[in-house]
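Student: Letter by letter, the chains look like this.
There are 2 protein chains.
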Amino acid sequence: MSAGQTAEGVPTIYHVAQRAGVSIATVSRVLNGHDQIRPATEERVLEAVRELGFVPNASAQGLSKGLKRIIGLVFANSWWEDDPTSVEENSLLFADELIRGAQLAADRHAYSVLLLSSGVTHRAHHAAFSEVFGKVDALVLLDRVVRQERVGPIAKRVPVVLLAGSGRSRLATTIRVDNAGGMQALAEHLVLVHNMKRTAFLGGLADSPDNEARFSAFRAAVTELGGSCESDEPWSADWTSSGAVAAVGRRLALRRRLPEVIVCANDQMAIGAMHALAMAGLSVPGDVAVVGFDDIPVARYLSPPLTTVRQPIRQLGAAAVESLVMRLQGHEPARDVVLPTELVVRGSCGCPATPGLGLGAEAPAGGKGR
Amino acid sequence: MSAGQTAEGVPTIYHVAQRAGVSIATVSRVLNGHDQIRPATEERVLEAVRELGFVPNASAQGLSKGLKRIIGLVFANSWWEDDPTSVEENSLLFADELIRGAQLAADRHAYSVLLLSSGVTHRAHHAAFSEVFGKVDALVLLDRVVRQERVGPIAKRVPVVLLAGSGRSRLATTIRVDNAGGMQALAEHLVLVHNMKRTAFLGGLADSPDNEARFSAFRAAVTELGGSCESDEPWSADWTSSGAVAAVGRRLALRRRLPEVIVCANDQMAIGAMHALAMAGLSVPGDVAVVGFDDIPVARYLSPPLTTVRQPIRQLGAAAVESLVMRLQGHEPARDVVLPTELVVRGSCGCPATPGLGLGAEAPAGGKGR
DNA sequence: TTGTAAGCGTTATCAC
DNA sequence: GTGATAACGCTTACAA
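Protein chains in written order, with this note's numbering: chain W, 11 to 380; chain E, 11 to 380.
Source of the hints: derived by calculation from the structure; they are not laboratory data.
Treat the hints loosely; a few may be bogus.
Any copy will do: because identical chains look the same in the list, a pair fits if it lies in one copy or spans two.
[Said to hold, decoys possible] Derived lysine to any residue pairs resembling SDA-like cross-links, with alpha carbons at most 25 Å apart: (1) Lys207 / Asn67; (2) Lys207 / Leu262; (3) Lys166 / Glu61; (4) Lys207 / Ala195.
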């Protein structure tokens, strides 16, 4: 059957062409902003488009142009797990901010963001992670969504950015935050300002590059400054608040002398740690100081307000997308990007909590109240 | 040029066919799980697919099948705003959980989730929200992403689910949570258990259906029970913690007798309210009780742990996608779905906080206040 | 059981 | 300036 006339469904370019009395080529040209089109013709076409409510079919465009204008954001499946007992609070806020950043950047370039999880299992049939390649032009892979050795083959097919990883992959562009710098600043603050020598590091999942980077950087820095860092068994959690509560509980059960400060690998765990200490009748920072990493929104509203290292998660997402769009446009972006982190001093480290009137959103840099 | 042989790019079905010594039709059949294929043939095809690392092009599939297997999730643009001063904490957690739920459900049906914002402005050229229709098979529209009158035309084109709205649209399926039920339970608890008669409602953005529903339900319930509800100017915020801090500050400045409890339209604001009260030297729940709505993860770790109404955000997202997939499969799902909410009693309302050991993930001992 | 060929809705290359 | 028409990669009758 000759093209055109889809019975009664969505209007196609043929309908527009017919209505405007031109060929589909002309319609396409108008829609794609080609010049050299007679104004009168253009107006007729646009009118027809409006009347019909025509919207180009992205599949057809993708097929024809070889570009889908879609970037995939791949999360580890555990992040999306449906297990109600393991709330995976870890990802909360992180994923959200990351997605936002990616969204924003994608929008700027007329791209869209497609969410994917690494462990696709929908059809028992032949489900495979690789199926998703077909839907996107490029991929953002989060830390540990695929094993190192699988990155190569993937990166060979589509442009790939590795996020929050160890930063040592020559197979794909890597974008991450400066964990080391943040921990260095934190260690200096604790040791030099508060004169704390006995510290403890409450880590997240052991196999996470972020966790590893934060821990080794902190330990190195604090040791360098003449302090020590306790970090064996009891101090191991899973990035979650409840995991931290349990970890601190284990440590307290040992009834050994406590460290002066507990450095948590993320804010969620700091919240759990503070909670556990409070329940044990210990005061923060009076008896033990607690600091975190991330600077999630609630951090400033905890009591005491949480001292933490802010990481630019949103920018991380945006940078990833920008990098990929760059690649898709034929440019060669930087191979390894490191975004800066920033120490945010509030009350939980022992510093006098900002006296703030409590009106307005008090930002560490001295926020203005709108 | 005859089809086949894409110079050196991504392998197509033609490459697979050639390699396996069969026609592309056969390859397609194997890939789509058709029966009546000679086992030997099937094996050869699968082998070729494996060797070439072939992945079907989703655009081509979409064009051919008329289904893209992509569902769009549309957020109001303000949620993604790049304005660093307005942190929009409101959406945090909510969006995240919602997305998760949608993701999970989509995965189950081999669909993917595409993120979109309502105010697309990438190319000054001819950017339009409608452009996104081309990329998806169906849409989930969040509360207020488009004005009422625009829903009709959209729903006419693609299946649409309205989320967290007022629930009164016969143009599209609506899915929301039982705000009224939750508020009813909350009011009963406050009045009947704590004998609180003087309440205040700290609302979010005034034009939000959720805010309106929560407020009117609470006021009606508390009034019915013989209590009163203060809710004029000072008690208005923007869903954010900082907005709540400011609102409570305004109310305190009035130096009038305070209500016995502040009922917040969401947990973020409850956190801000508690913070503002603490800074004013008031104790929660000793001087004033505070309750929230949502039950975000940190709620149980606040001191005192926050009493709140839990809403099944993740299920909300999942239900939306399930409904759309249903429609796409030709079934006719329910027009208006209301998901149940649940009162979660913790310490901030004045109830004795659960005396947990603090090791589990449970709502624990009365964080000895400070 | 497998191959041939006609679409699917755009874009882009030629001619005119 | 504009109109035919050939791709783009895949699915699916229709034949064989």
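Student: Next step is simple, just say for each hint if it's right about the structure.
Tutor: A quick look at each hint next to the structure:
Taking the shortest Cα distances, Lys207 and Asn67 never come within 25 Å of each other, neither inside one copy (63 Å) nor across copies (58 Å). Taking identical chains as interchangeable, the C-alpha atoms of Lys207 and Leu262 lie at most 25 Å apart only when both belong to the same chain, with a minimum of 19 Å there against 42 Å between chains. Taking the shortest alpha-carbon separations for Lys166 and Glu61, only the inter-copy value of 14 Å comes in at or below 25 Å, while the best intra-copy value is 44 Å. For a Cα distance limit of 25 Å, the shortest separation of Lys207 from Ala195 inside one copy, 15 Å, qualifies, whereas the shortest one across copies, 51 Å, does not.
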